[in-house]
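Starting from the given sequences, assemble the full structure and let the hints guide the process.
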Amino acid sequence: MKIVADAHLPYVQDYFSSYGELVLIPGREITAAQVKDADMLLVRSVTVVDKNLLTRSSVRFVGSVTTGHDHVDINFLNEAGIAFSTAHGFNAPPVADYVMSVIAFLQKKKLLSNGKQRAAIIGAGQIGSLVAKKLSYLGMEILLCDPLRAEKEKNFSSIDLDAISQVDLISLHVPLTTTPTHATKHFINAAFLQQQKPGCILLNSSRGAVIHTDDLLKKGQHLHWCFDVFDPEPNIRTDILSQAYLTTPHIAGYSIQSKMRGMAMMRDAAVAKKIIEPHTQSTPDLPSQHLSFAGKSLRWQDIVLGIFNPSTISSIMKSKLISAKHKAALFDEMRHQFNYRHEFAFTRITADIHPDDKKIVKQLGISYDENFSPSSD
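With positions in the sequence shown counted from 1, the corresponding number in our numbering is that position plus 299.
Derived by calculation from the structure, the hints in this document are not laboratory data. From the three backbone atoms N, C-alpha and C, an ideal C-beta is built for every residue, glycine too. Warning: the hint list may mix true and false statements.
Claimed, not checked - Computed cross-link-like contacts, SDA-like style, restricted to lysine to any residue with a CA-CA straight-line distance of at most 20 Å:
1. Lys415 with Leu437
2. Lys573 with Asp338
3. Lys350 with Ala331
4. Lys408 with Gly438
5. Lys453 with Ile441
6. Lys484 with Ile373
7. Lys335 with Asn377
8. Lys626 with Thr611
9. Lys484 with Ala508
10. Lys595 with Lys661
11. Lys658 with Asp601
12. Lys573 with Ala382
13. Lys657 with Asp601
14. Lys451 with His481
15. Lys335 with Ala379
16. Lys595 with Asp656
17. Lys619 with Leu540
18. Lys301 with Pro325
19. Lys432 with Leu443
20. Lys657 with Leu597
21. Lys335 with Leu376
22. Lys658 with Arg598
23. Lys658 with Gly414
24. Lys657 with Gly605
25. Lys518 with Thr537
26. Lys335 with Lys350
Claimed, not checked - What follows is a list of derived Cβ distance ranges for each label pair:
27. Asp461 with Lys407: 26 to 34 Å
28. Ala331 with Lys658: 52 to 60 Å
29. Asn534 with Ser596: 44 to 52 Å
Structure, rendered in structure tokens:
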């Protein structure tokens, strides 16, 4: 068996090397000639999978270690009889953690208050629902916008997109679609942006093209932009990069645990579709970390930012990319090198936490030593 895989898929060798010949190629460079005699193709969102890539190939299974599949021609795969699977939901925990880290930073910078805030979550699937749950721990009023769920679920309450206004935070968690109904490409446009109040946070960790970039520059200057995704990628526009309050290189869903989880889901999907035999290769356990925090009576924001601070990578990203001639290569390099983040649920801390925030820290999934005292640090 020959398996062609994106060379930047972490842990792919741990999960697939024993199943046959494993050929690793950078995702943006995978060609039809390279997959012609392959049995399996493993990709990320940077590889377009369509008839141009797979016609006359021997590929029987395509696995995309992504939640969305806008880079894959599903109709072609179905017609060609090629099995397909995504790692749906594999990155929900780190994306939710990422959003909470952004919120923590914005509150420290006084761009969001610690009081009652209104947050609109657009896209209430596995990721958006988890984000909404975590934001509710802060006492935020949550508005959910997901017309597709509303059509399918009688008891699901969804606000209309054009009814979203006077909110403090808008967080986007939608796939990129161009369907006749409920298309998301460029659905954040001039009309939507103009009805938002000054100072509202626009946080996008879904797909860059759901925001109409030209409209954003003309009609969205009164908002604070916090972007993990861009349109286009990896050739990021300098005007967006320089004007955004926070920028990160498409890593919201990246964690050590999610990367391992995604590969495990691809292996299990290939087993389920009878492409490979079950569990012929032993794989590592999901790791965890322990951190110690100095200081007394720390707030939840201090704890979260001590685990991951998005402003640090934002500063590095802007300093490297704004004046760079070859932004694409630097953007991809930053993504590939981001391999150190642990999810909250796999983090234990030793810290003196403010009594009012112990419950929030625990609700976020962070475990901590109850008997900590400053003298023991």
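Subject >> Non-conforming hints, listed in increasing numerical order >> reply: none
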